[in-house]
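Visitor: Sequence:
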Amino acid sequence: MPAVRTVTALWQAAVSEPRRQPAFLTLDGSGWRAVSWREAGEAVDELAGGFLALGVEPGDRVAILGRTRLEWTLCDYALASIGAITVPVYPTSSAIECAYILGNAGVRAIVCEDDEQYAKVAPMRAELGALDHVVTIDGEPGGALSLGTLRARGRERALERPAEVADRRRAVSEDDVLTIIYTSGTTGPPKGCVITQRHYWVMADMVRRVPGLFEDDDRVLLYLPLAHNFARLVQHLGVAVGFTLAHCPDVAEVSQALLDVRPTIFPSVPRLFEKAYASVTAAFGEARGPRRRLVDWALDVGRRASALRQEGRRLPPTLALRHAAADRLVFARVKERFGGRLRLAVSGGAPLAREIAEFFHALDILILEGYGLTECSTACSVNLPDRFRFGTVGPALPGFEVKVADDG
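Per numbering that gives the first Met the number 0: the sequence shown ends with 407, consecutive numbering throughout.
Take the hints with a grain of salt, since some may be wrong.
[What the hints assert, rightly or not] Pairs of lysine to aspartate or glutamate, EDC-like flavour, derived with a Cα cap of 20 angstroms:
| no. | residue 1 | residue 2 |
| --- | --- | --- |
| 1 | K334 | E374 |
| 2 | K274 | E310 |
| 3 | K334 | E357 |
| 4 | K274 | E335 |
| 5 | K334 | D295 |
| 6 | K334 | D405 |
| 7 | K190 | D204 |
| 8 | K274 | D215 |
| 9 | K334 | E400 |
Honestly, the hints are just simulated from the structure, not real lab data.
Start from the sequences and build out the full structure, keeping to the hints where you can.
Guide: In C-alpha cells:
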C-alpha cells in the first residue's frame, strides 16, 4: 500500500508494480478479454488528459451514468487522478432523478453510457447551468463527445504537456473529496454523502488485512451497480489487493457470466441467492426414485458437515469421505452454476434469510454476510471464512468501533 493514503496513489501503485493477474476482464464482441494493469493505466492517463482538455479542474463534479463496465471504472480513476469528484448515478434513474442529482451536485460534466442514458440528460442541459460537457461511452449523439475522442484529446495533450497528469496526481491530498454518493433517504429527496480520498483508502486497507477474505489470485465477478458503495469498494479492493475484476453490465447475463468467468469470489445482493435457492430446491424436489434418495442422503451429509464447520471443528474421517462423495455426485452440479471455482460469496445490501445461507453451506457454498452504510465508506462488519455465524453480519472490521444504540 502507498504511503500517501489516497485512492489516486493506490491506483498509481497498482499500475506501476508487477502483478501476476490481469487487472480486468471485459466483455466485447468476441467474448471475455483480459485487460492488463499496464493497458488500464495507459487508458486512465489518456482519459485524465482528456478531462483536463475539457477544462475539468480539481474539485469539479463529474457524473457517470451507466451500467457496471470497464469504462466506468477507468473514468472513475481518471477523475480521481486529476482531483475531480465522481458523482455516480444509477443507470435505472429516471430523467427527473438524474436532473435532481446533477443540479444538486453542481455537475460540470457527465459520462453517459449510450444514447438511452444521454436521452435522459439532453432535454435538461439548458436548465443545468453548470453542465458544460457530455461524454458518451457508446455512440456519439449530437451535442456529445465520444469516449474515444476524449482519449484521443488526452493523447494529444500529453504530447504538449507530458508531465501534467502526473503533476495533478501528486497534488491530490488525503482530504480531497473523491466522490459524492447519493443515497435514497427515507426523508425527502436523496442526499449526497461526501467521501474523501482517505476514506476509501482506509476502507480498502481494512478489508485487505482480513486473512482469507480477498487474495491476489482471486477472480471476482461484479454485476452490482457501481453507483452503489458496495460495488465501488469491490472495485477499489481489486486495485489494493491485485485480484482480477470482471465487469458484468447486465444482471440478466450473470448466470452465463458465472459459467464463463468462473469466479472465486462473487459479491451480490440477497435477491440473486434467493432465486438460485428457489431454482435448486425446485430441481431437487423433482427428483424421484434412486435420484431422490441420493439427493436426500447428500443433503443430510452436507448439513452434518456444515454444523461442524460452523463450530470451527474438523470433519471426522468417515464424514469427510462421505462429504467428498456427496460433493462429487450432487454438490458439484450446483457449484457449476456458480462457475465451479467459487471460494466464497459475499452478500450485502439487505438481510439474507438464514435458511438460504445454511442450505448453500450444506452444498459446500459459503455465503458471508456483512453490514455497512455509505456514510462509513461502505462496510463496518463482515463474517469471515474461518469465523462465521449465519443470520448475523459478523464481527467488526479491523479499526472499526461499534456499539448498540440506547434504543437497542
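Visitor: Look at each hint and say if it fits the structure.
Guide: Hints, one by one, checked against the model:
{"no.": "1", "hint": "K334 <-> E374", "verdict": "35 angstroms, violated"}
{"no.": "2", "hint": "K274 <-> E310", "verdict": "28 angstroms, violated"}
{"no.": "3", "hint": "K334 <-> E357", "verdict": "15 angstroms, holds"}
{"no.": "4", "hint": "K274 <-> E335", "verdict": "16 angstroms, holds"}
{"no.": "5", "hint": "K334 <-> D295", "verdict": "17 angstroms, holds"}
{"no.": "6", "hint": "K334 <-> D405", "verdict": "43 angstroms, violated"}
{"no.": "7", "hint": "K190 <-> D204", "verdict": "27 angstroms, violated"}
{"no.": "8", "hint": "K274 <-> D215", "verdict": "30 angstroms, violated"}
{"no.": "9", "hint": "K334 <-> E400", "verdict": "36 angstroms, violated"}
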